[in-house]
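S.K.: The listed protein sequences correspond, in order, to chains D and A.
Under our numbering, the first residue of the first sequence is numbered 1, with each subsequent residue one higher.
Under our numbering, the first residue of the second sequence is numbered 1001, with each subsequent residue one higher.
These are computed hints drawn from the structure, not numbers from a lab.
Quick caveat: nothing in here was measured; it's all calculated off a predicted structure.
There's no promise every hint is true.
One-sided and incomplete, this derived list gives chain A residues near chain D with beta-carbon spacing under 10 Å [stated by the list, open to error]:
(1) Gly1052
(2) Val1053
(3) Pro1072
(4) Lys1076
(5) Gln1077
(6) Met1082
(7) Ser1083
(8) Thr1093
(9) Ala1102
(10) Ser1106
(11) Leu1107
(12) Ala1145
(13) Asp1228
Beta carbons are placed, not taken as given, at the ideal position from N, Cα and C, and that holds for glycine.
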Amino acid sequence: MGGFSWVRFLAVLRKEFIHIRRDRASLIMAIAMPIGMLLLFGYAVNTDVDHLSTVVWDQSQTADSRDFITSIRNTQYLDPDEYVQGYHQIEGYLDSGKARVAVIIPPDFGKELQRDNGQGDVQVLVDGSDPTIARAAMSAVQMLGLNKSLEIQGVRLAARGAAAGTNMPLNIETRVWYNPDMKSMVFNIPALIGLILQNVIAMLTSFSIVREKERGTMEQVVVTPIRSLELLMGKLLPFVLIGFVSLTLILATGIFWFGVMPAGSIPLLVFLSTIFLFTILAIGLLISSVAKTQLQAMQMTFILILPSILLSGFIFPRETMPIPLKILGGLFPLTYFLNIVRGIFLKGVGMEYLWQDTLILCAFAIILVGIAAKKFKKNLD
Amino acid sequence: MSLAIDCQGLLKRFGSYTAVQGVSFQLPTGAIMGFVGPNGAGKTTLIRMLCGVLVPTEGQATVLGYDVLTQPEEIKQRIGYMSQKFSLYEDLTVRENLDFYAGVYSLYGKKAQEQKNRVIERIGLGERTAQLVSSLSGGWKQRVALACALLHDPQLLILDEPTAGVDPVSRRIFLDLIHQLAKEGMTVLISTHYMDEAATCDYLGFVFYGRLIAFGSPDDMKKKEAKDNLDDLFIYYVEHEASDDPRNFVRKKGGRG
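The following block holds chain D by itself, in its conformation from the complex (with noise of 0.2 Å):
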């Protein structure tokens, strides 16, 4: 009986629009759930490490180590508040956690400091149990060491009139591009676009579909003339415009209130994210045809979120990964949008380095819409 119906189409998507509307679970999840997310990973998912408190049992008392605290202070890594006598008090703070770094500066540091060629030592007692931590506090006291160590060495030169040897025989001068702050919420927020709209999406289409099938509409409606096309785009549509209020909503976010400013074009961004959300789209489709209630779709989406929050570079780079996991990561399409947002928030890159990753998830939203429609229309015959 001829091809597409608008009408039919039409009934659909308006009935589907009714539903979202009376659907305040719906509603919250697909405007409140990106913001708290965003704001929930934005703060908590902070890889950056400073202003660790640290004891300080200062057994010199001089100017110099009065002066070597001060610079630890300066290096905003160490917040040298507490002091304390005694290794016991020290264990007692490390032990407690009320402090991570604990400094140890002997009795004759100030007289070795002022001794020509006298070497002053700092014991540096750092809590593992994090590594990231425990890396940061000791490259931060390391690389004070080595240039309080310079700054000194070139005063003690400089006093024996050796005023040409003062310069360094090795200037590194590292620039750090992209994220020059080196913040992890730079690195962090684009990303969230990805995963939020992953799992909005993903839930928000499942559910649509499974509730029909739970409640019996779907049994009413196959009994109808519609064809699975209308009543597949009717369904889906509603979520492809709440994506787009999603991503808008977590762009506002991320640039007002994070002050995360994209590097690159915001409408090739949109566009990618379009084909990304297509894929998702498919994703919660393949979940409406498995499950049978709207509890297990809820299940099926948590078995693809936590996988692909810990495998697609979301938070682990996944140069490190072993190579098993490094494939099974990249089942994932949110792997190769996190390359293509990453890309063109913090990098500025367009098409000419981003095709690839393109190329890949147009092969994913073609094959998953494929399968997923090939069995929404099984389902219901």
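Fit chain A to the supplied structure of chain D, relying on the hints for placement.
M.R.: Using the frame of chain D, we list chain A on its own:
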């Protein structure tokens, strides 16, 4: 006499399980036919094949002159279907449900408006159009479901246990409506557990273990087996058939149940 339904040797297998086997009957236009049989007898499977939703494994059937295998879309456009669960959208109002089904049956504009007003008046939904379906009682939901099934002026109305779980008064009102529709020339196929409903049908079909074991008018059937009422007749058929059924035989021998 034209036939609304004509099926020959309809058979449906799900894997190794045969849900419907060799069902043949002919239903004239304008008649009410009742399917009676225990739960799981295959009534719903049979009905879904006639609606063009399930593809029969064997056999053939024409509904309103269209082949269920090759012309399901034609059939779907011309039948009204209502199932045992009230398959309405609970979070939509009565009018929104009607709007949706009007659209799904390709009705739009003035025509859609006329049809909606017609069924609203016919079923007596006038005061309830703005109400959410979830706030309606079972009897009213059933009437709304019927209204949705009648929007496109179907020639055949298929009702799969429409009165299950509805109070007796609502059931009475509903059945009167169905009979009125039949008087106006609509063919009705209804499956039911209630013998009083079955008694008012022009034709009855007893479905048991996927087979249509008897077909005819209620009076003919009672006369044939010399029973006073349909209850006795039904029990007679079930006992008669059950003793013949190989599955029951095996079960007795194996000492199960």
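S.K.: Under the criterion of a CB-CB separation shorter than 10 Å, is A:Ala1102 in contact with chain D as hinted?
M.R.: At 7 Å from the nearest chain D Cβ, A:Ala1102 passes the 10 Å test, so the hint holds.
S.K.: Take the shortest C-beta to C-beta distance between A:Thr1093 and chain D; is it under 10 Å?
M.R.: Since chain D brings a Cβ to about 9 Å from A:Thr1093, closer than 10 Å, the hint holds.
S.K.: Under 10 Å is the threshold here; is the Cβ of A:Ser1083 close enough to any Cβ of chain D for the hint to stand?
M.R.: holds, 6 Å
S.K.: Grab the minimum C-beta distance from A:Ser1106 to chain D and call the hint holds if it beats 10 Å, violated otherwise.
M.R.: holds, 5 Å
S.K.: A:Pro1072 was flagged as interface toward chain D. Is the shortest Cβ-Cβ separation under 10 Å?
M.R.: At about 9 Å, which falls below the 10 Å cut-off, the nearest Cβ of chain D leaves the hint on A:Pro1072 intact, so it holds.
S.K.: Grab the minimum C-beta distance from A:Met1082 to chain D and call the hint holds if it beats 10 Å, violated otherwise.
M.R.: holds, 8 Å
S.K.: Any CB of chain D closer than 10 Å to the CB of A:Val1053?
M.R.: Interface hint status for A:Val1053: holds (5 Å vs cutoff 10 Å).
S.K.: Is the shortest C-beta separation between A:Leu1107 and chain D less than 10 Å?
M.R.: holds, 7 Å
S.K.: Holds or violated: is there a CB of chain D closer than 10 Å to the CB of A:Ala1145?
M.R.: This interface hint holds because 8 Å falls under the 10 Å limit.
S.K.: Holds or violated: the hint that A:Gly1052 contacts chain D, with Cβ atoms closer than 10 Å.
M.R.: Holds - the Cβ of A:Gly1052 comes within 10 Å of chain D, reaching about 8 Å at its closest.
S.K.: For the restraint on A:Gln1077, tell me whether the closest CB of chain D is nearer than 10 Å.
M.R.: Hint holds; A:Gln1077 Cβ to chain D Cβ min 5 Å, cut 10 Å.
S.K.: Answer holds if the nearest beta-carbon of chain D is closer than 10 Å to that of A:Asp1228; otherwise answer violated.
M.R.: violated, 38 Å
The structure fails hint 13 only (numbered hints given earlier).
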